[in-house]
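Work the whole structure out from these sequences, hints included.
Residues per chain are reported as follows:
There are 2 protein chains.
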Amino acid sequence: MPSSPSSARVAALRAELKKRKLTGLIIPRQDEFQGEYVAAYAERLRWLTGFAGSWGTAILTLTKGAIFVDGRYTIQVRQQVDDKTFVPNHLAEEPPAQWIAKTLKKGDVLGVDPWLLTAADADRYAAACAGVGAKLVSVTHNPIDAIWKDQPARPMAEIAAQPTQFAGRSAKEKLEDVSADLTKLKADAVVLALPDSVAWVFNLRGFDVPYTPVVLAYAILHRKRKAELFINSAKLPEDVTAQLKALVTIRKPSDIEASLKKLGTAKKTVAIDVNTAPSRVRDVLKKAGAKIVNATDPCIMPKARKNRTEQQGARAAQLRDGAAMARFLRWIEETAPQGGVTEMSAAERLAEFRKETGVLMDLSFSSIAGAGPNAAIPHYHVTEESSRPLERNQIFLIDSGGQYQDGTTDITRTTIIGQPTDDMKDRFTRVLKGMIDLSRIRFPKGTCGSQLDVLARGALWTAGLDFDHGTGHGVGSYLSVHEGPARINKSDRTPLEPGMILSNEPGFYRQGEYGIRIENLLLVTEPEEIEGGERRMMGFETLTLCPIERRLIEVSLLAPEELVWLNAYHARVLKEVGALLDSDDLLWLEKMCAPL
Amino acid sequence: MPSSPSSARVAALRAELKKRKLTGLIIPRQDEFQGEYVAAYAERLRWLTGFAGSWGTAILTLTKGAIFVDGRYTIQVRQQVDDKTFVPNHLAEEPPAQWIAKTLKKGDVLGVDPWLLTAADADRYAAACAGVGAKLVSVTHNPIDAIWKDQPARPMAEIAAQPTQFAGRSAKEKLEDVSADLTKLKADAVVLALPDSVAWVFNLRGFDVPYTPVVLAYAILHRKRKAELFINSAKLPEDVTAQLKALVTIRKPSDIEASLKKLGTAKKTVAIDVNTAPSRVRDVLKKAGAKIVNATDPCIMPKARKNRTEQQGARAAQLRDGAAMARFLRWIEETAPQGGVTEMSAAERLAEFRKETGVLMDLSFSSIAGAGPNAAIPHYHVTEESSRPLERNQIFLIDSGGQYQDGTTDITRTTIIGQPTDDMKDRFTRVLKGMIDLSRIRFPKGTCGSQLDVLARGALWTAGLDFDHGTGHGVGSYLSVHEGPARINKSDRTPLEPGMILSNEPGFYRQGEYGIRIENLLLVTEPEEIEGGERRMMGFETLTLCPIERRLIEVSLLAPEELVWLNAYHARVLKEVGALLDSDDLLWLEKMCAPL
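Those sequence lines, one after another, are chains A and D. Residue numbering for the first sequence follows the working numbering, beginning at 1 and increasing consecutively. Residue numbering for the second sequence follows the working numbering, beginning at 1 and increasing consecutively.
Wrong hints could be hidden among the right ones.
[To be verified] Each computed PhoX-like pair below joins lysine-lysine, with the alpha-carbon atoms no more than 25 Å apart:
id	chain 1	residue 1	chain 2	residue 2
1	D	LYS226	A	LYS186
2	D	LYS106	A	LYS102
3	A	LYS186	D	LYS106
4	A	LYS445	D	LYS490
5	D	LYS186	A	LYS105
6	D	LYS226	D	LYS186
7	D	LYS102	A	LYS184
8	D	LYS186	A	LYS106
9	D	LYS445	A	LYS102
10	A	LYS490	D	LYS224
Just so you know, these hints were derived from the structure itself, not from any lab.
Okay, here's the thing in C-alpha cells:
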C-alpha cells in the first residue's frame with residue numbers, strides 16, 4: 001500500500017461533501033478541456049488518490065470509493081492507490097454506471113463538476129443515477145479545489161502565433177470555412193471546447209501543458225460576427241493580440257457563461273459537440289433558451305486533413321527527426337554493448353540528438369524507452385525507479401517523438417544489444433510484415449481503419465499471436481501526437497481521407513521477457529490512377545525515415561513484395577537521411593540500409 | 001415502355017384509395033414474412049408495376065408514383081416499369097423517406113398494410129410523414145387484394161419434418177434454449193416472424209416458395225407454456241402433427257391477433273425483433289397493454305452457429321454437390337467448344353447433374369449462368385430472352401446451388417471456352433488470390449467480417465480494381481441460401497462465431513466484356529491452439545470441393561503460400577471428390593487437380 005497523504009484528503013473531501021449535502025462526488029482525471037495532458041492545478045484525481053495515469057475516474061461517496069481505469073493501468077493503479085479507499089475497477093468489466101447502480105440508493109445525491117465532463121458523459125451518469133432513484137447534480141465550485149490548500153496556480157505560458165508559412169491557411173480562411181459549415185447546419189454559432197481545435201482555427205500554439213502545444217481556452221465562433229476567445233489576455237503577447245484583433249474578441253475565461261447566456265436570450269441556434277463540450281456549456285445554453293444542435297466539432301475534419309503546406313512540413317519534420325534517430329541508433333549500437341547505458345540515459349541522449357537539430361520545440365510525449373522485460377509494457381514510461389540498464393542479448397524498444405514548428409513526429413524502433421534469439425527474430429519479422437503490408441495497401445474512397453487493421457496483424461494471427469493495442473492513431477500538425485478522428489484498429493469506422501497522418505505501429509509483447517514495436521507515420525494520399533486499373537485508389541506515403549533493425553529480420557519469412565518494399569524503403573532512407581548526416585554516421589547508415 | 005396492364009390497375013387502385021380516403025399507398029415487394037422469395041399471391045408490387053426484382057418498394061399517390069430499387073435493379077426497373085407512372089429511384093440516392101418529404105403535404109394520409117413492413121420500417125415512414133404534417137395509417141384489408149380479381153390462392157404445400165438426424169437438435173431442446181433466453185430477457189414470450197426461424201426452431205421445412213424450404217408462418221414461444229404455431233392445419237401431414245403435439249398448439253393464421261391480445265390483456269412482457277416483426281404485431285401488442293421488449297430474434301444466433309450434425313451434413317452436401325459440379329465442368333469443357341450450348345441449356349444440364357445425386361430437394365436459388373458480357377452482371381439470372389450461346393474465347397460464369405436435406409450449397413466457378421486473354425488471366429488470378437487469402441486467415445474471437453474483407457480485395461485494390469458486392473453471406477442448413485446475421489463485406493460488425501457458414505466470393509466485372517467470380521463456402525472453426533503460438537485462433541474450413549479453372553491462372557502472380565494453398569486444395573478435391581466419380585470423370589479431375 002502506498003504511503004500517500006490520501007487518507008487525510010479523503011476525510012477532508014468527505015467533510016466537504018457532507019457540508020454540501022452530497023452523497024458522493026465523481027472525480028475525473030481530465031481537466032475542463034478533456035485533454036490527455038493536464039496542468040498541475042487540474043491533477044485533482046492524482047492529488048486525491050495518488051493515481052498518476054493519463055486516464056481514469058474515481059467516485060467517492062461518504063462511505064465507499066472506487067477508481068476506474070483501462071487495461072493500460074490495471075497494474076499501476078494497484079501500485080499507486082490505496083485500494084481499501086478506492087477499489088480498483090477495470091473500466092470495461094465494471095463501468096462506473098454499473099458501480100453506481102450497485103452502490104447508490106434512492107435519494108442519494110451524486111455531485112460532479114460540470115466543467116470536467118462532457119455533455120454525453122453527464123447523460124450517461126445521470127441515467128445511471130436515475131435508474132436507482134438517485135440524482136446527479138452539478139456543483140458550482142469544485143469541492144476538491146475548496147479543500148486543496150496548495151493547489152498550483154493556473155499556468156500562464158505565453159501563446160505564440162503559428163505562422164501561415166507552417167499552417168498553410170490563415171485563421172481568417174479557417175473561420176470563413178467554419179462559417180460556411182454553420183450555414184449548412186442552420187446554426188448561428190458553435191462552441192469550441194477542444195484546445196487543439198482552438199489552437200488550429202486561430203493559428204495559435206500554447207505551452208501550458210507538456211508535449212502538446214494546444215491552447216487551453218474555449219471559443220465561440222459566430223456565423224455572422226467576430227469570434228470570441230476566452231483566455232487570460234496576459235497570456236497573449238502584443239504581436240499576437242494585434243494579429244487576432246480583426247478576427248476575434250478576447251474575453252476573460254469566466255466570461256463564457258455570460259456569452260452563452262446572451263446566445264440563449266437572443267434565441268440563437270448553437271452547435272455543440274456533446275462528445276467534447278463540457279456538460280456546463282450545454283446546461284447554460286439550454287437554460288438561457290438557446291436552440292441546441294448536436295454536431296461534430298467543425299475543426300476536427302479539416303484539422304485532420306493536412307493541407308499541402310502541413311504535408312510538406314510533416315515530410316521535413318520526419319526527415320530531420322529521422323536523422324536524429326539514426327544518430328541515436330548508431331550511438332546505442334556502439335555504446336550500449338560496453339555497459340553503462342540505461343533506459344533513462346538513452347532517452348535523455350535521444351532528446352539531445354533532437355535538440356541538436358536546433359529547431360526542436362518540445363518532445364511530443366514522454367519517451368517510452370524499454371529494455372528487456374520493460375519493452376513488454378506497451379505504455380511504459382521510464383522513471384528513475386524503473387529505469388533498467390541496456391543489457392547484452394536483450395531487446396531495447398524506443399517510442400518517442402518531437403514537436404517541431406513544421407510537424408509532430410512519433411517513431412518507434414526496436415533494436416538488439418548483442419545477439420537476438422530465433423524467437424525474437426521470428427516475432428520481429430512478423431511485426432515488420434504487418435507494418436509493411438499496411439504501408440503498401442491501396443484502397444478506395446470510404447475505406448476506414450478497421451478494414452485495414454488485419455493487414456498489420458495477419459502474420460501474427462497466423463502464428464497464434466496478437467497485440468493488445470490499436471495499430472494506428474492520427475497525428476496532429478505541431479499539435480497533439482494523438483489526434484482524432486481516424487484510427488487504425490479493430491473497430492474504427494471513420495473513413496480515411498487524403499491528408500490524414502496516421503501511425504502504423506504493430507507490436508508483439510512477451511510479458512517479462514521482451515517487446516517489439518515498429519512505428520512509421522503514414523500520410524493518406526489522394527485517390528490516384530493505377531496503370532492498367534479502372535478505379536482511382538488512395539494509399540499511404542511513408543513519412544518516417546529511419547532504418548529498421550536488420551539484425552532482427554528473418555529474411556526468409558518475408559514475401560517477395562515485402563522484401564522489395566523494405567529494400568526500397570532503406571534505399572530512400574539512405575538517400576534522404578544520408579544527405580543530413582556527416583561521414584561517420586553516414587557510413588553507419590550505409591551499412592544499415594544495404595539491400596537484404 | 002413495356003405493354004403491361006399496369007395503367008388499368010393503377011387507375012383501379014387510385015379509385016380504391018379515394019374510396020378509403022387515402023392520399024396514397026406504400027407497396028413493398030415483400031410479403032408478411034419479409035422474405036426474398038414470395039408466393040404468387042403476394043407478388044403485389046409486380047402485379048401493380050410489372051417490376052419482377054426480388055427487392056423494391058413503390059409508393060402510389062392519387063396523382064404521383066415512384067418506385068425505389070437498389071443498385072442491382074436500376075436497369076431492370078426501367079425495362080419492366082412504366083416510368084411515367086412510377087418514377088424509378090435509386091434507393092440510396094432518393095430514399096422513400098426523402099420522396100415522401102418532397103411529395104406529401106400537410107393533411108395527406110399515406111396507407112400501408114401493417115403486415116407487409118417491419119415495425120422499424122413503419123417508424124421510419126411515420127417519421128417521414130410527420131415531418132411534412134402528413135400521417136401514416138395502417139389499412140385493415142390490403143387495397144391491392146381488394147381489386148386483384150384473380151389473385152392466386154395462398155400456397156398449400158405440405159410441411160415436412162426435418163429429422164434430428166439432420167437437424168442435430170430436437171425441437172424440444174431448441175424451445176428449452178429459447179425459454180432460457182426469455183428468462184434472461186425477463187420476458188414471458190417472444191413472437192417469431194422470420195419463416196426460417198420458425199422452420200429452424202420446430203425442425204420443419206416448407207415448400208411454399210421456390211428454393212427456400214422455410215415455413216411461412218408466425219409463432220409465439222412462451223417461457224412457461226406450449227408454443228403456438230399459426231398455420232393452416234391442412235398443410236400439416238398427420239405424422240408432423242403428431243410429432244408437434246406435445247410441444248405446440250396449432251392455431252389458424254388469423255388467430256394470431258387474438259393470441260397477441262391475450263398476452264396484452266394479461267400484462268405480459270413480450271419480446272419482438274422490430275427489424276423482423278411486422279408493424280401490426282407491435283401495434284396489437286401495444287394496444288392490448290403488453291410490455292414490449294425489443295430483442296434480436298432468439299433463433300438467429302443458434303441457427304447461424306451450425307451444430308456438429310449440421311456441420312457434418314454441410315460437408316457431405318458440398319462434397320456431393322462438388323462432384324455434380326465437376327461432372328458439369330467436364331461436360332462444359334468437352335461440349336461447349338463444339339457450339340450449341342447456351343446459358344439456359346448449361347444451367348439445365350447442371351440441374352440434371354445435381355438431380356442425378358438422387359437426393360436433391362431443390363436448387364438453392366435461380367442459377368446465375370452468364371456467358372461473355374452477361375457474366376459481367378453480378379446478379380444476372382438467365383431467361384429465355386437473355387440466354388446467350390457459350391462462344392469461343394469467352395468466359396462462362398456459373399453461380400448455383402442445391403438444397404439437400406443435410407445442407408444448402410452455393411458455389412461459383414468461372415471457366416473459359418477456348419483461350420483466355422492475358423487480361424482475363426490477370427484478373428482471374430487477383431480474384432483467386434483474394435479468395436485464397438481470406439480462406440487462409442486465422443483470427444481471434446470477436447473478429448467480424450468487415451475486418452477480413454480487405455483480404456479478398458487487396459490484390460484487386462492494388463491494381464486499381466474492385467467489385468461492387470459483398471465478399472460473403474451466411475448460408476443456412478437446408479434453409480435460406482442467404483442467412484443472417486454475419487456477412488463478410490466492407491461494413492458488417494457481427495462477430496464471426498464457430499459453426500457459422502459463410503460464402504467467400506470475390507469477383508471482377510468488366511462491363512460489356514466478361515465477369516469473374518470464384519466462390520467457396522467456409523465454415524468458421526473453433527479457436528484452436530497454433531504450434532508455437534500463445535493465443536487460440538479461429539479460422540475457416542473450406543467446405544466447397546470443386547476444381548478451380550487452371551487455364552485462367554497466372555501462376556507467377558501467386559505468392560508462394562497462395563500456391564501451396566491452391567495445390568493442397570486441389571489435392572483434397574481430387575481425393576474426396578474423386579472418390580465419387582467414375583473413370584472418365586476421374587481422369588478429367590486428375591488433370592484439373594494436378595499441382596501447378
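Among the hints numbered above, which are violated by the structure, and what are their numbers in rising order?
1, 2, 9, 10
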